[in-house]
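Chemist: Following the hints, complete the assembly by docking chain B onto the known chain A.
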Amino acid sequence: MATDETPATPAALTAEQLSRADEAAAGRPPIDIPGRERSAVTRSLVVYGLLIAVALLYFVPFFWSVSTSLKTLPETVGFDLIPDNPSLKAYRESLTSFNFARYFGNSVFIATVVTIQNVFLSALGGYAFARLRFPGREVLFFLVLGTLMIPDELRLVPIFQMLTDFPVTHWSFIGSYQGFFLISLVGAANLFLMRQYFLTIPRDFEEAAKLDGAGYFKTYWKVMLPLAGPALAAITILTFQGTWNAFFWPLIIFLGNEDLFTLPLGIFQFRTQYQTFWPHLMAASVIAIIPIFLIYLFFQRYFIAGITAAGVKG
Amino acid sequence: MARSGRGLGSERVREALVGYAFIVIPMFSFLVFSIYPLFYALYISRYEWGILGKIEPLGLENYRELLRDDLFGKAVKNTLLYTAVVVPCQMALGLGMAVIVNQALRFRTFFRAAFYFPSLASSAAITAIAIFILSSDGLLNSLLGTDRAWFADSDTALPSIMGLNIWTTSGTMMLFYLASLQSISTDVYEAAAIDGARTWRTFWKITFPLLKPGHFFVLVVSVIGSLQLFDQAFIASGGGGGPNYATTTMVLYLFQTTVQDFRFGYGAALGVALFVLIFTLTLIQRLLFGRTEAA
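So the protein lines, in turn, are chains A and B.
Okay, so the first sequence: first residue is 1 according to this note's numbering, each after it adds one.
Okay, so the second sequence: first residue is 1001 according to this note's numbering, each after it adds one.
These are computed hints drawn from the structure, not numbers from a lab.
Predicted, not measured: the structure shown is a model, and the values here were computed from it.
All residues carry an ideal CB built from backbone N, CA and C; glycine is no exception.
Among the hints, a few may not be true.
To be verified - Which bits of chain A does chain B cover? Going by a derived footprint, with three or more residues having C-beta under 8 Å, they are:
no., region
1, 57-65
2, 168-177
3, 238-250
4, 261-267
5, 277-286
Next up, chain A with everything else stripped away, as it sits in the complex:
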């Protein structure tokens, strides 16, 4: 209710624009109504033909991998899209004999922890930078934005060294979850997104809370955070997807410890060790893709809003 009154952020704006555009499109008359000019009909035929062709091109590899994952190894030599005797054997064996159940669990665990860290810390920090006044705020915020320009490649050597032998304490984080959690505490882009969102929420809400005698944390937690739902949702979904798919840092940190492998690392290792066990490799790939696909189906709006928020800014 209250959120209706708040001006939309770039993120929310995009989500609304997109959905509104959808509704508008749905409301228009169908394209092939009789009485239209023939050229319009031809044109729409061409457009749909093109769309379907491209969509097929984009989907065929996935159909093919799902189909292969349901085949037996000898059957992969043939090129039938529909397997003769579809079986879940490859899935069963990937999950048990080839440890993908464990990798799946690791992926869920790691992505969940990193997502919680990011949502909590980016909201907290974003709120402070948007609303609380403290000396040095602008300089510090500028610093946060500056870190966005430092590429991972430049950080590789220092972070790898740091994780191998942490300064002062001499902890080793290579081959441990903690190392990955530590370097993924919070993303600067997420903090930026949260700050921008909080800036758009009218101050009235906080003033009212203050009059009620609520402290800073309570105001933040009980009043502001519930108002930031769309931004929190976008960060949750994008961080989860990003961590689930992450390859570079997990490779560096987990490579020596198979117990910690995530699905992408499992797929990489399986491919290197077992080369052409195609049904199993495809089953593992399908297992890695499906959860993100489902999240996308259910939360498409936030997904697209989060991704394009950056585009609108730029």
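Modeler: Positioned in the frame of chain A, the structure of chain B alone reads:
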């Protein structure tokens, strides 16, 4: 009055303390894992530095070695070639799909999702699927009637990765263009329609130039992403960057130097070189776009 003034003062202090408390962990993370590494990388790149620590100061010798290093040269060449091919293709495809999906169509949500779908999936899973389809007895060969091992042949390994990533990332570029397209006021199109402009002409004369901020953003994102190519090259080549170094990209070489050979000083110099390359190219793009704007 004096009392209320003091009350305000302590309130200020309280607010500031709460503010610092809220940002302390994020700031710690940015300082330790981004800002410190920047300076540390610059520092260590001037040393011969191994797994056990500092060996000897080299001045700029690591950077000079980069210039002499044939493998680094090959990595730069591969990376730039990849970028030169992939960026225009991604942009053109992304724009084309965005324009089509932006029209009043049935099932547009479905088509948008279909085009975006490959961008969602894990790079490892997608690369595994590509390896299967491009294998010597894979789907592509059976369609073409050939028996080429696309990823195992040094002539086709890099082009295969180009194709793979054009396919997977064009959906993201489409979303960026879509956001940019929807920020164009419909008045412009109405005016064009009154003038009787044809669709194709409207696109080139009106839409395309108005998309300039979108072009700039997509170009920058696409170039940065391409220069950082790693996952697909690493997975497709089993970590080796082969065959015959055909898929050794700058980041892949950096990974081998650092994580496998423990040559930290040289690796840091490599990272700095890549950072400078990305920074310079981004700056050039900004200047180019800035100039056309002024003209």
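Chemist: Evaluate each hint against the coordinates.
Modeler: Here's how the hints hold up against the structure:
{"no.": "1", "hint": "57-65", "in the structure": "holds (count 6)"}
{"no.": "2", "hint": "168-177", "in the structure": "violated (count 0)"}
{"no.": "3", "hint": "238-250", "in the structure": "holds (count 5)"}
{"no.": "4", "hint": "261-267", "in the structure": "holds (count 4)"}
{"no.": "5", "hint": "277-286", "in the structure": "holds (count 6)"}
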